[in-house]
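Make one complex out of these two single chains by using the hints.
Protein chains in written order, with the working numbering: chain X, 1 to 46; chain U, 1 to 640.
Hint data in this document are derived by calculation from the structure and do not stem from the laboratory. Remember, predicted model here, so these are calculated numbers, not experimental data. One or more of the hints may lead you astray.
[Said to hold, decoys possible] Result set (SDA-like, lysine to any residue): computed pairs, CA atoms no more than 25 Å apart in a straight line:
hint, chain 1, residue 1, chain 2, residue 2
1, U, K467, U, S549
2, U, K142, U, I258
3, U, K441, X, Y4
4, X, K2, U, G614
5, X, K2, U, S445
6, U, K441, X, L5
7, X, K2, U, F220
8, U, K126, U, T113
9, X, K2, U, W609
10, X, K2, U, R333
11, X, K2, U, P434
12, X, K2, U, F597
13, X, K2, U, H26
14, U, K441, X, I3
15, X, K2, U, N203
16, U, K522, X, L14
17, U, K15, U, N203
18, U, K267, U, H504
19, X, K2, U, P432
20, U, K126, U, T164
21, X, K2, U, A456
22, X, K2, U, K522
23, X, K2, U, F446
24, X, K2, U, R615
25, U, K63, U, R333
26, U, K243, U, F220
Below, each chain spelled out in residue letters.
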Amino acid sequence: MKIYLVYGLVICILFVAAGTRGIVVSSLMQSGRTGGGLFGHSQYHK
Amino acid sequence: MKANCPSCGAEVDFKSSISVFSVCDHCKFMLVRHDMDLESLGKMAQLPDDVSPLKVGSRGRYKNTGFEVVGRLKVAWSEGYWNEWFLLFDNGGHGWLAEAIGFFMLSTEVTETNKVPALSEIQVGKGYAIAPSRTFFVDDIKEAVCIGSEGELPFKGLRGRRTTSVDLSNNSGEFANIEYSDQDGIHLYIGRYVEFDNLELSNLRDLPAEMKKIRSAELFKCPSCGGPFSILTPGLTASVACKYCGSTIDVTNRNLAILSQAEKQMKIRPLIPIGSKGNLFGTEWEVTGFMRRTDKTGAYPWDEYLLFNPCRGVRWLTTYNGHWSYVETLRIRPESAFLDIWARLGDKSFRKFLVGKAKVVYVLGEFYWRVRIGETVDVADYILPPEILSCESDKSEANWSLGRYVEPREIELAFDIKGGMPQKTGVAPNQPSPYASQSQKVWSSFAALAMLLAVAQLFFAFTAPEKQVYRGNFAFNQVDKTKSFLTLPFDLPGGSGNLSVTLHSPVQNDWVEASIDLVDEKTNKSIGFFQTAEYYSGRDGGESWSEGSQDSSFVLSSVPGGRYHLVIQPFADAARGGEKTFTLTLHRGIVTWSNFFLALFLLSVFPLWLWCRGRKFELNRWSESDLSTGSADNIDDEGE
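Bound-form chain U, shown alone (with noise of 0.2 Å):
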């Protein structure tokens, strides 16, 4: 429907039949639509400028319908702000986006809402059956107040109209959102989260050129010291600390509240300056905030740099102890497994790693919502290297981020940091073991080779040639020292081969030795070995016992093939006197198993060491974590 504004007399075009509010866009005056009238409300304040890509008159593209963009509603609440954009489809449909740091949601609006409890029933973190068969659980309430709007909108887009809006979310990424209004009832939008990019926008704000003159367009002062400042990302910045008196101060109205005073003798230089810009992950992002927190104790500080993208929203870089991890706060409410002890995202389950308290010691830059100094959250971390899972809760409400693990000196080159990165000191929670995928892959050759290996051996064991060659039995008396034997020749057959020897004699409690010559015939070359059996046998205590055998075997290497014979020299206690009998056996090509276990712990030698390594660097991960008990249970070495 168009029709002409009733102050300035320029054309107003309602695009939606379901708009009955409009700005006109020359005047500003907000227009109500009765039938083919338009009723003149008054001049709409001039809107607050943010750092929003989009604007009224943006296109884009949902579940392949195209759709533009025909108003916008933007909302305060206690901690900041966000935007709701009406959207007409191509189809004639309706839907909203709304845009919170960076966040995006689109839903549409559901007619049946008599399964919606009343607001005085609603509690963060229960659970609620808000459509068929589906669960959703609260995540926030808001007290919302309306503080400008533009384009059209389905109701009355006045400032100061006030609602209680209460987000839901489940694990499946859908989002829900319940209005409660005096004057409108209970509206009840039902959507998901979307992707920016995954949104075929076009037609949106030259932000890049615009961006300056955001910035620029006012100057404010600290009302604790008068220092000057501006915002770096006015419409989402809800606090600011200043950089000369280390004040915080809320920005989200003009009073410019003190929420917090820096300790006075706090000086801290972060390594990356706010305002600084850096290409992390494919994206360009500007530091406009960085914080330090500490533990309950004080004795473990770590660092957290805010991140801005206009079209990304926000994330965090943290740093502890040399480490650093590129944190995303989550749109899907992990599952918790097993008392507690794991949190399930996805697919993948972390473990927990660690339980606390943190507590915001100095700040710089500008926030999202009202940081103060001393502001403490409860904080669970888990860890799937090189991922952790970090929950942040209070009273109000609870957040859950994904960090990964980055390398400083990916830092160090996305942000051109000058002067070198703290150098890196323990095992991070989340720093992904060396060892662990490079163990997986040796362990992986090792099965191979070993495989290799065995096949040979049983190749060996099948194929052997055992065969005796000599057998002879001797008895001697050691009262004959000179006695020596010279035995018959016999043939060793084949090329080279291994020659096993056995010598068994009957002996009791008693021994017998034999130094052997085996002389190749042909060249005289000998070779010479002792064997000796002895066995000893008695009973002590009620209990028998025995030790020794009577017989003794030996195998000698790479034998020669060719005739050979025997000399033995045999040897007795002289003290017992006697004869003495022992039989002398001879194998040739026997089967040998000492061969093959040599090479498998030869090959073994490396995959053990990494394993070792990648154990004690498990250790000194856990070593860290307040839920070690120090046992091997609390490991994962794999990682994943």
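Just chain X, with the same shape it has in the complex (with noise of 0.2 Å):
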């Protein structure tokens, strides 16, 4: 129980902080050279 608190209030902070720093994690998690393609045009051309 006190575990799942910590946990919690962590991921508070990190929410915080990064809402602060202007972090979008769902963009740091496509990395590289990318966008909203839908098909894949992007990989086919290159």
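This is the structure we're talking about:
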């Protein structure tokens, strides 16, 4: 229970830290030269 | 009134004005009072000893009034014995303290008996309004016979006095007794069940010291095998199981009739031996009986240990698949609710779990009723973990009991069991879910943390410095493959922040893609990414369809503030040819929700895991129920 509370508070702190620094985690997950291509034409044309 | 015994001359003191009968302390002659004279009715036979903590002369207190025990009537019925202690209150009032298998009922006589039905009308289980605005339900009807008396009584307590005793109760904890007698007519007593400790009793028997003497007083011989046995709880025990041959013997009279004989091949050694003593829940209990019972198929056997304490009466320890319950017979009749699916006891509702039969297959030790091998009763169990409410009934009576789940370790420590306890298997009907209480706390914490997140997210949403920092229109032809664009410089304000890039192109069944580099003019470092707008639509089978979008957006994370320009390399379908256009828009400091939902997801992982485990635990519990349909509706994972 205590571990969960600590874990939850860490999540909240990281959330606030990311928010203040403009970090968007979902964007970080898309690595390198990428974008919102629906059918992956970028790969085909390179 | 004081007078002299006509038999021995000793002084006989009638403490109560209504007492008409007394047994001389010295010569044990029965005396009847006629004004100032005493008539002798002959000698009272030796009163059989028992394990009651009370004696004539004990004092106590009830409803702030002191009382003294001035007499006793010992009564026998077909299944055992009970004591009726005659009380004289300090205010001159009278009462009766009935004592049976450790239960105490204090009642006073009600003179108004015109609402009492005739004995022929009385039925077990039926309710009767025998007192103003109160209905009592008949628990049992017993043919009682006096087997002795001592002290003084308000009637002739002669040995052999026969009455029909009807016990009644209601769900308010009230108790009533109607006594039908050929000689004395109808007597009605109404009172309450009382706790031994609440009576503030004093001048009690020194039972620990007397117990050894009581027990060694008489040795019996098994009528089946001749094996010797003594009785651990004389006056309470109605039947004894011979430890040599397993026969159950009726000890309510000196005939010692064999009630039943055990299967010869069956020999069970109880985990807690008969005679073991252990301190459980603050009371020292002695194991006086052991019983194995099964369901009607014989596939699910369970064991029951009878515990005895002179002041607390009897309790049961039941065990099945390594799970244990501590069971107490109820004095309050639970109410049935909603098609008998629920049973209500006080403010608690118990859900029906099992309906079946319980058959005695093996007994050891002694019991307060005449137990027989093969004795079968109907059983209904209702659960509210960690408690279980059980009703055992046959044609003549219904007995309710309340059990509480006990960890095997507690039993092991209490009775100093060597060699370890049997492993727990499966989930017991009343086993408390280890996840239920934890789950409640974790979900509460989750709610608090989610609220914290929501507040922070709303703060970010309302204070986000969203601003358009660049917008440019571009046109190109795919034929010119080397065509690229270099934009004018623009500023990204503030420190580190996000940057939203949106590409819009009016494509129709076509696509446009751009390889974009965001170049920091100061450091010449660049961030590269692709953006694609593609949109397709048409009609198929009379229905229009579309997919894709003319807009494409992407959020760059944590872009430092500074002066930037873009290098854009566009692409299009070379086969289509023609000029393509697109617009690129950049916004700084936009509101994003993905972090919030990600954090919420991370917070919910543990509570959801816990919920799934709890659900599985409850499914395992209810898989043992013959009332389970396997649906989630049957699952009460909170247990309360």
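Hints, verified against the model:
1. Between the alpha carbons of K467 (chain U) and S549 (chain U) the distance comes to roughly 24 Å, so the proposed pair stays at or under 25 Å and holds.
2. Restraint check: the Cα-Cα separation between K142 (chain U) and I258 (chain U) comes to about 22 Å, which is no more than 25 Å; the hinted pair holds.
3. With a CA separation close to 10 Å, the supplied pair K441 (chain U) and Y4 (chain X) stays within the 25 Å bound.
4. Annotation: proposed proximity of K2 (chain X) to G614 (chain U) holds, straight-line Cα distance about 19 Å (limit 25 Å).
5. At roughly 10 Å between alpha-carbon atoms, K2 (chain X) and S445 (chain U) fall within 25 Å of each other, so this suggested pair holds.
6. The suggested pairing of K441 (chain U) with L5 (chain X) holds, with an alpha-carbon distance near 10 Å, which does not exceed 25 Å.
7. Only pairs whose Cα atoms come within 25 Å are accepted, and K2 (chain X) paired with F220 (chain U) is rejected, the gap being roughly 62 Å.
8. With a C-alpha separation of about 18 Å, the suggested pair K126 (chain U) and T113 (chain U) falls inside the 25 Å cut-off, and the hint holds.
9. Taken as a hint, the K2 (chain X) and W609 (chain U) pair is honoured in the structure, with Cα atoms around 16 Å apart against an allowance of 25 Å.
10. Between the alpha carbons of K2 (chain X) and R333 (chain U) the distance comes to roughly 43 Å, so the proposed pair goes past 25 Å and is violated.
11. For the given pair, K2 (chain X) sits about 16 Å from P434 (chain U) by alpha-carbon distance, which is consistent with the 25 Å threshold.
12. For the proposed pair K2 (chain X) and F597 (chain U), the alpha carbon gap of about 23 Å is at most 25 Å, so the pair holds.
13. For the hint linking K2 (chain X) to H26 (chain U), the alpha-carbon distance of about 72 Å lies beyond 25 Å, and the restraint is violated.
14. This hinted pair checks out: K441 (chain U) and I3 (chain X) have alpha carbons roughly 12 Å apart, not beyond 25 Å.
15. The straight-line distance between the Cα atoms of K2 (chain X) and N203 (chain U) is roughly 53 Å, outside the 25 Å bound, and the hint therefore fails.
16. Restraint check for K522 (chain U) and L14 (chain X): the C-alpha separation of about 30 Å exceeds 25 Å, so the hint is violated.
17. Only pairs whose Cα atoms come within 25 Å are accepted, and K15 (chain U) paired with N203 (chain U) is accepted, the gap being roughly 17 Å.
18. Pair hint K267 (chain U) plus H504 (chain U) does not hold up; C-alpha atoms about 88 Å apart against a cutoff of 25 Å.
19. At most 25 Å may separate the alpha-carbon atoms for a hinted pair to count; K2 (chain X) and P432 (chain U) meet this at roughly 21 Å.
20. Pair hint K126 (chain U) plus T164 (chain U) holds up; C-alpha atoms about 17 Å apart against a cutoff of 25 Å.
21. Our distance criterion of 25 Å between C-alpha atoms is met by K2 (chain X) and A456 (chain U), whose separation comes to about 22 Å.
22. In summary, the hint linking K2 (chain X) to K522 (chain U) is not supported, as the alpha carbons are separated by about 48 Å, beyond the 25 Å threshold.
23. Using a Cα cut-off of 25 Å, the hinted pair K2 (chain X) and F446 (chain U) holds, with the two alpha carbons roughly 12 Å apart.
24. Under the criterion of a C-alpha separation no larger than 25 Å, the hint pairing K2 (chain X) with R615 (chain U) is consistent with the structure, at around 23 Å.
25. Pair hint K63 (chain U) plus R333 (chain U) holds up; C-alpha atoms about 24 Å apart against a cutoff of 25 Å.
26. This hinted pair checks out: K243 (chain U) and F220 (chain U) have alpha carbons roughly 13 Å apart, not beyond 25 Å.
Hints 7, 10, 13, 15, 16, 18 and 22 from the earlier list are contradicted by this structure; the remaining hints agree with it.
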